[in-house]
Amino acid sequence: MFRTEFNKLSDEELIGLVVKNHSRATASLVDRYKGMVFTLSYRILKNQLDAEEAAQDTFVKAFNALDSFRFDCKFSTWLYRICYNNAISRSRVYKPMQVEVETKFDIPSETTSALENLSTNDRSKYLGKAMEMLEPEESVLLTLYYVDNNNINEIAAIMNLTESNIKVKLHRGRKKLYTQLEVLLKEEVTMLF
Numbered sequence: 126m127f128r129t130e131f132n133k134l135s136d137e138e139l140i141g142l143v144v145k146n147h148s149r150a151t152a153s154l155v156d157r158y159k160g161m162v163f164t165l166s167y168r169i170l171k172n173q174l175d176a177e178e179a180a181q182d183t184f185v186k187a188f189n190a191l192d193s194f195r196f197d198c199k200f201s202t203w204l205y206r207i208c209y210n211n212a213i214s215r216s217r218v219y220k221p222m223q224v225e226v227e228t229k230f231d232i233p234s235e236t237t238s239a240l241e242n243l244s245t246n247d248r249s250k251y252l253g254k255a256m257e258m259l260e261p262e263e264s265v266l267l268t269l270y271y272v273d274n275n276n277i278n279e280i281a282a283i284m285n286l287t288e289s290n291i292k293v294k295l296h297r298g299r300k301k302l303y304t305q306l307e308v309l310l311k312e313e314v315t316m317l318f
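Number 204 in the numbering used here belongs to position 79 of the sequence shown; there are no gaps in the numbering.
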């Protein structure tokens, strides 16, 4: 099979091949989820190198435990859970360092007109800075929901919280993000004058 053919396979089909030690299937599964695993790790660790190591470690742990995956949830949810636990464990050991990384976060609907008037690059810059100021759990929740498009039920499974708790934390996270954006934009305006 060619690499493009592997991309067309479902997670279940790829996992079946990975369990049989098929290297191209393994590479395809990693390619499919490496972005979301890195993003989640980065949101918790707030350091690019630590996030890269955590992402790699997540895949090693997942592939070592792949034969125990039972398909009672989506593979992405299971992988996210491993990633989340791994990054949280690392965050307790390593102190995060500030490293700038581009963000793919969508702009929330409550943003100010000042933010809406910014270019896409400027929006991403301010959104990334605001996300850095949030607690890791808030940043992870917002990333899982808005960037990776996970539903409330999936996020609850990943983070081992109730759905109502996820909804409350998402609401609070959005409010804090909005507040951080207001502060950053006011600082920028003040520096201009």
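These are calculated hints, taken from the structure and not from any lab test.
Careful, some of the hints might be misleading.
[Stated by the list, open to error] Here are the simulated DSS-like pairs of lysine-lysine, each with C-alpha atoms no more than 27 Å apart in a straight line:
1) K294 x K159
2) K199 x K159
3) K199 x K301
4) K159 x K133
5) K250 x K294
6) K300 x K311
7) K250 x K145
8) K186 x K159
9) K199 x K311
10) K250 x K186
11) K186 x K199
12) K292 x K254
13) K300 x K254
14) K159 x K311
15) K159 x K145
16) K250 x K300
17) K159 x K250
18) K199 x K145
19) K311 x K250
20) K145 x K186
21) K186 x K254
22) K250 x K199
23) K145 x K133
24) K186 x K133
25) K311 x K294
26) K199 x K254
27) K311 x K301
Hints versus structure:
1. K294 x K159: Satisfied, since the Cα-Cα distance of roughly 26 Å is no more than 27 Å.
2. K199 x K159: Distance ~16 Å between K199 and K159 Cα, so the pair holds.
3. K199 x K301: 30 Å, violated
4. K159 x K133: 17 Å, holds
5. K250 x K294: The hint holds at about 24 Å.
6. K300 x K311: Cα-Cα ~17 Å, so holds.
7. K250 x K145: Roughly 43 Å between the alpha carbons, so the hint for K250 and K145 is violated.
8. K186 x K159: Between K186 and K159 the Cα gap is close to 14 Å, so the pair holds against 27 Å.
9. K199 x K311: Distance of about 42 Å is beyond 27 Å: violated.
10. K250 x K186: The hint is violated at about 33 Å.
11. K186 x K199: The hint holds at about 17 Å.
12. K292 x K254: Roughly 23 Å separates the two Cα atoms, so the pair holds.
13. K300 x K254: 15 Å, holds
14. K159 x K311: Outside the cut-off at roughly 36 Å; violated.
15. K159 x K145: Distance ~21 Å between K159 and K145 Cα, so the pair holds.
16. K250 x K300: Roughly 19 Å separates the two Cα atoms, so the pair holds.
17. K159 x K250: 22 Å, holds
18. K199 x K145: The hint holds at about 20 Å.
19. K311 x K250: Distance ~15 Å between K311 and K250 Cα, so the pair holds.
20. K145 x K186: Judged against 27 Å, a Cα distance of about 17 Å means the pair holds.
21. K186 x K254: 31 Å, violated
22. K250 x K199: Violated, at about 32 Å.
23. K145 x K133: 18 Å, holds
24. K186 x K133: 24 Å, holds
25. K311 x K294: 26 Å, holds
26. K199 x K254: 31 Å, violated
27. K311 x K301: 15 Å, holds
In summary, the structure is inconsistent with hints 3, 7, 9, 10, 14, 21, 22 and 26 from the numbered list given earlier, while agreeing with the others.
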